[in-house]
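Engineer: So the sequences go chain by chain: A and B.
Everything in the first sequence is counted per the working numbering, starting at 61 for the first residue and increasing by one.
Everything in the second sequence is counted per the working numbering, starting at 1130 for the first residue and increasing by one.
Read the hints as simulated data drawn from the structure, not as lab findings.
For every residue, glycine included, the Cβ atom is placed at its ideal position computed from N, Cα and C.
Possibly wrong hints are sitting among the right ones.
Stated by the list, open to error - What the simulated footprint calls covered on chain A by chain B, stretch by stretch (three residues with Cβ under 8 Å from a Cβ of chain B suffice, anywhere in the stretch; the number is not a length): (1) 231 to 245; (2) 255 to 264; (3) 308 to 315.
Here is how the chains run, residue by residue.
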Amino acid sequence: MSLTEDTIDRLGAELDAAWREARPVAPLTERYPEITLVEAYAVQKQLLARRRAEGARVVGKKIGVTSRAVMDMLKVGEPDFGVLLDNMACRDGETIEHRRLIAPRAEGEIAFVLKRALRGPGITAAMVLAATDFVMPCFEIVDSRITDWRIKIQDTVADNASSALFVLGDRAVRPDAVDLRTVGMVLEQNGEVVATGAGAAALGSPLNAVAWLANRLASFGEALEAGEVILSGSLAAMVPAKAGDSFRVSLGGIGSAAIRFV
Amino acid sequence: MALDRATIAALARHLDDCVREVRDTEKLTDRHPEMDWADAYAIQDAWRALATAQGARVVGFKAGLTSVAKIRQMGVDSPVFGFLLDRFAIPEGGEVAASSLIHPRIEPEIAFVLKRKLEGPGVHVGAVLAATEFVIPAIEVIDSRYRDFKFDLKSVVADNTSAARFALGGQPRAVAGLDLRTLGVVLSVNGEGRAFGAGAAVLGHPAAAVAALANHLAAREEALPEGSVVLSGGVTEALAVRAGDSVLLEVQSLGVVGFRLAA
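Bound-form chain B, shown alone (with noise of 0.2 Å):
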């Protein structure tokens, strides 16, 4: 740690505030170059007891970074993960406000949706699926605090991994009888197929994404609770979006999810 604990209480207040005012802000290493990894998620562990003491409640976690290509390319060894508070859900078919955002963006994911807890270390694919209540398609808001969202890693670990709002929906399905790794998704932003993948574009399998983050949570003597979402990462790259937007998922499979940005 190379931050104190006073600067870091105040690294959390001022992400959350941007939040709150919707603006952005410069990347927190250009203030503070020497911050490290720990400080990183300290920042980010900070920011979330900030939440949670204003009454807001931790409904599950995401991982970010987490195609082979980005994270070879960013020099890194494994994803970076985020939490999801209760109010960063959007009702299905519902909408969500633009101007509540800063410069917004999509990614389509699978989530999971935990019927046990989620214990590291030592937790595998298979552990995941065993754990696994459900699958459903989501669809992550991205929506970086960093000026243009030019950051680095630590500093978006700080900022909550970009974590903005997410919506579910569609069919949720039980893992059995299902291949996540070609389970197909399209995402479409008014009525255009604008990005393709499959799950293998997460880790080699989503289910991965789900176990690097239950043995990061052990790391640090968590572990994911019962009931837990885990969006396992964005299988395509990530879309802009703005207000009058009508974006839609579908899964192979799992059905579609979809929401608007109004203005």
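Here chain A stands alone, though its shape is the one from the complex (with noise of 0.2 Å):
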């Protein structure tokens, strides 16, 4: 450990006040080049543990990194995670405040709701299959506590995998009522199609995605719990939001969901 644990509680508080006031603070790879991924997971779960003696539930995980994109433009060969609170979810069609978040992007992706334990290590995405409920079409609003979305991996998972807000859709599916890889994702603002994308884009199937989390998880010795929500990752590049935009994601075979900024 290069950091102590003096530092990563501060760091912890530190990104809990940027997330609360909605005011950034510098990345943490500038003041502190030598923090590791490990270190980093450290904060998150520090920050974590702020809010969750401040009352929030946890709810879920979600899965960032998922496209080979997003990998080479962080230089890592893995996704990564963040965990999703109560105090985060928007109702379908929900009017959001723009000043609450600092830099806001919309994401579309397939969240799962578990209807069992997935415990790794050894998590197959059949037994992800096997474990899941149903499926949802789901709008990740994701923003950066750290200045101008200047992020390296590290800054990312500190900040609890740049989570901010989502937004689960209309309809629960099946999810052997729908061919994962191949459900296509169509992401509008305002009424024009900014992005579309399939569901082989995050790691080859969400399903692949959601078993590496679970996987991931057994190093912590944590694991995915029965009636968690797991996005899964974004299916195309994200998408800037402003005050006055209106977003509408669809995915094929699943169904759509909808936010607004005000």
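Got two chains here, separate frames each, mind docking them using the hints?
Structural biologist: Put into structure tokens, the structure is as follows:
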């Protein structure tokens, strides 16, 4: 460990404050160039401990950095993850105050809701399918508490994988009713198609992404729990959101979700 | 029209020679900057007449420049169109010789096969769907005859919108019950997923490209014949491919189609 426990605790507090006040902080990797990925996850844990002490409840997990393009950009060979809290959930169609966030971006993805816990190591895509109650259309609104999204992998991991809000859509579909690899995703901003993608953009299949997370969590002694919502990774490039924007995501054979910024 | 008939015929022959000799050329507007849109389509038409006179058969049409962002960026108000010849077809799971192409790129598309003649003007998405026998996955091979794929739109129209080959295959399906907007596509090269998209990337709905094509043909007193294949436009960016590559397109609910590029 290159960072002391005190530093990790302080960085967790700093990112928690940055979140609450929607006020970005300088990249951790500029101030602590030696910070490791393990330490970044330790900062995330401190940050989450503070939120939970404030009364937030864990409702699921999110997987980030699931596309080849983003992995290359961040110079990593695997995804990352963050934790979803109840106060991050928005209603389908909800209006969000843009000023609550710093530099939000919208991503379209597939959400999994589990009927059974998935405890790694050794979790396969087939086991994910068997443990999934249903999949839902989902918007993830990511935001970075790091100034101007100037992130390295350690920065985003410490910042709870740049998570901010998520919106689950209008339908729940059994996971065997759709081909999750070829599911199409259409993201519209103010009625115009701004991005499209398909399930395979997330590690070849969203199932692979969820299996990766279950196995990665095992290295922390943790698991994906029954009833949790798992956001399986963006299926196209993120789209910056500004006040006045309305967004809709549609997933082939699954459904759609919408959100608006004022 | 800025070019005379003889020049138009000569340019069509020049492009046809480039295809046969597998060589590139400078874009036509370099030598003929005055060339206008009517000339561009006239050269394409002359090329089509030349091919059919040589015994080729027109089996369908294709739309290009079908992304709304690209149309805006190029400052035009509609896609561009080209014709498909029987000899462009690659058998599903088959091979195409890389040596027969200049610098091929592939695009994932949704192909429409028509059960009825589709005649504009006034063709809309509903009319296209009503006239569609089935949709089927298609990989289009584009191969601009212009050096380094550098061209302007008029040159590319004259060059039959870079049309070169296409492979159809997978599971043909009637359009009823399919949401073509959200149909996902995954294009892989040598087993690696390289491009991902959904139908809405094509003018918001792939059938909109077919409607635009029918209306374009109507302005030239032509129609889309019964049985035509229409390639509705690339759902993602085009990927460069080379000898030895094996390519595969998966389309949600429509199965897969692939082929190999032989040396």
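Engineer: State for each hint whether it applies.
Structural biologist: A quick look at each hint next to the structure:
no.	hint	verdict
1	231 to 245	holds (count 6)
2	255 to 264	holds (count 7)
3	308 to 315	holds (count 4)
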